[in-house]
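Asker: Residue strings, one per chain:
Number of protein chains: 2
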Amino acid sequence: MKLSDFDAYRITKTQNHEISKVSSDPWNDLPSSKSEAKKELSALHLRLSELQQRFFVDRRKKLLFVLQGMDTSGKNGTIRHVFRGVNPQGVHVASFEKPSSRELAHDYLWRVHKRAPAKGEIMIFDRSHYEDVLAVRVNKLKPESVWRKRYRHINDFEQLLADEDTVILKFFLHIDRDTQKQRLQERLDTPAKNWKFDQSDLVARSRWGEYVAAYEEVFAKTSTPHAPWFIIPANKKWARNLLVARIVVSCLEDMRLSYPQVDYDPSKIIID
Amino acid sequence: MKLSDFDAYRITKTQNHEISKVSSDPWNDLPSSKSEAKKELSALHLRLSELQQRFFVDRRKKLLFVLQGMDTSGKNGTIRHVFRGVNPQGVHVASFEKPSSRELAHDYLWRVHKRAPAKGEIMIFDRSHYEDVLAVRVNKLKPESVWRKRYRHINDFEQLLADEDTVILKFFLHIDRDTQKQRLQERLDTPAKNWKFDQSDLVARSRWGEYVAAYEEVFAKTSTPHAPWFIIPANKKWARNLLVARIVVSCLEDMRLSYPQVDYDPSKIIID
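If you read the protein sequences in the order shown, they are chains A and B.
For the first sequence, the positions run 1 to 272 when UniProt numbering is used.
For the second sequence, the positions run 1 to 272 when UniProt numbering is used.
In short, the hints are calculated from the structure, not lab data.
Note that CB positions come from ideal geometry on N, CA and C, so glycine has one too.
Treat each hint with caution, since some may be false.
[Said to hold, decoys possible] Now the stretches of chain A that chain B is said to cover, found in silico as 3 or more residues with beta-carbon under 8 Å:
| id | region |
| --- | --- |
| 1 | 91 to 105 |
| 2 | 216 to 228 |
| 3 | 239 to 251 |
| 4 | 259 to 271 |
[Said to hold, decoys possible] Once the Cα atoms are required to be at most 30 Å apart in a straight line, the calculated DSS-like pairs of lysine-lysine come out as:
| id | chain 1 | residue 1 | chain 2 | residue 2 |
| --- | --- | --- | --- | --- |
| 5 | B | K193 | A | K268 |
| 6 | B | K39 | A | K34 |
| 7 | A | K119 | B | K119 |
| 8 | A | K149 | A | K21 |
| 9 | B | K61 | A | K38 |
| 10 | A | K193 | B | K61 |
One chain only, chain A, in its complex shape (with noise of 0.2 Å):
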């Protein structure tokens, strides 16, 4: 597998970006059953768990995976399921959530660029820079002429990382307003997963047209070559794991990682 295998998935400034006319069940190339998509994502776990330990000693390039998706959409469950397996070591999540008053107190790039990835790390961000042109922009918490300026400097901090070595790759995570109704229910009716209903989530859920017009927008504007956005048909949760898995495993492989070269003669040198 190689990353253009994935381009169906691609979102590119000659594509429509409506999302409501792409399918949040599973199409293209996914398989149509669950234990189908079980066995390839075991499999899978091994070949990243082996890639990740290379990419990891090769310590060449960085990587950066961004989460996107609306409440429900499966960011969490994602990096559990995906990312299981991995040398916790050399991969790192960092997750976005409201800011606290000294990080509002400096511009909001300003946290963000703190968790960008070092050589041979993989970081996750769990939600990103992006609420900075979605959430702030729907809850209008700053003005138009505020946010719109953002997607320039999202784009150019993106690319100053894709400079210094950073591979960027960003997931949204596309369900549909039914699946997320089903989610939440599932939530208020087990009592397990009581604690993970916050009930702000209905306030988003009111506001479901104008952030997917958030999105489309960003879509346009900040899916760059260095920096692409793919959209992964999330309704199913084992298909969106596989799929997330699958373009993961292709980035890694398409590296063609080694392990480092050494200086000294490994003939030449005797243990006491």
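Keeping the supplied structure of chain A fixed, place chain B upon it in accordance with the hints.
Answerer: Using the frame of chain A, we list chain B on its own:
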């Protein structure tokens, strides 16, 4: 399993701290074959994954595991094999390599305190502040009048963390000198492992006896009820992984974790 089941491996003040008197081959209740150990380890991975998820959402305690040991004792391997399958969102690794000049400009606990775990987090220290009474002592980087005071600082620091809801367990991965020789030789003989070989490991190896003496004093001075040391027989990698996994799982089992209580009535909420 509960943590007290592992008292045989726990270092207490009344015990003999002579490392050479403790076998680095599997003993006590460890299985004698690799296949048996691997089967048990797989079951422990599933249990750990479940417990860690509960620990993460429970958000009542902080958890700190310290890994120390001679070169090649398997600190990285332990992290990779024991914590495979956990959610990278709640598990972090801090590797304390040679301090930077900025770090050296502060007291030696400054960089360590920054990496202390938060509520719901599991932090693994790959090496730690103990190097400041181990490598620093053996390599004479500071005079005895300086490092000798540090046992007390370290106990006080760990007491602070414990008083603030941190559970601390410290593991000494115990290998013998012959095992180290085999493992270093393997790094020379296997081209894919050449990059792991570091010539400075031979210098440390030549000071084996001094490291042993420094570790013995560490155990005598810093194995406290709130931050005990465990001595892990580590000549066999599978026995080492299994024992650490058992202790980690037991520690989490002892916490009797549950899902957070909610302060709303789930049956009263209607999703539009």
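Asker: K193 of chain A and K61 of chain B were given as a pair; does the straight-line alpha-carbon distance stay at or below 30 Å?
Answerer: At roughly 20 Å apart (the allowed maximum being 30 Å), K61 of chain B and K193 of chain A satisfy the hint.
Asker: Check whether the Cα positions of K39 of chain B and K34 of chain A lie no farther apart than 30 Å.
Answerer: holds, 26 Å
Asker: Given as covered by chain B, does the region 259 to 271 of chain A meet the bar of three residues or more with CB within less than 8 Å?
Answerer: holds (count 9)
Asker: Is the coverage entry for the region 91 to 105 of chain A by chain B consistent with the three-residue Cβ rule at 8 Å?
Answerer: holds (count 4)
Asker: For the pair we were handed, K119 of chain A and K119 of chain B, check the Cα-Cα distance against 30 Å.
Answerer: Distance of about 28 Å is within 30 Å: holds.
Asker: Check whether three or more residues of the region 239 to 251 of chain A sit with their beta carbon closer than 8 Å to a beta carbon of chain B.
Answerer: violated (count 0)
Asker: Verify the proposed pairing of K193 of chain B with K268 of chain A, using a straight-line Cα cut of 30 Å.
Answerer: Holds, at about 16 Å.
Asker: Holds or violated: K149 of chain A with K21 of chain A, Cα cutoff 30 Å?
Answerer: This hinted pair holds, its Cα atoms lying about 28 Å apart.
Asker: Does K38 of chain A sit within 30 Å of K61 of chain B, going by the straight-line distance between their CA atoms?
Answerer: Violated. K61 of chain B to K38 of chain A sits at ~34 Å, over the 30 Å cutoff.
Asker: Verify the coverage statement for the region 216 to 228 of chain A against chain B, using a C-beta to C-beta distance below 8 Å and requiring 3 or more qualifying residues.
Answerer: Violated, because only 0 residues of the region 216 to 228 of chain A bring their Cβ atoms closer than 8 Å to Cβ atoms of chain B.
The earlier numbered hints that this structure contradicts are 2, 3 and 9.
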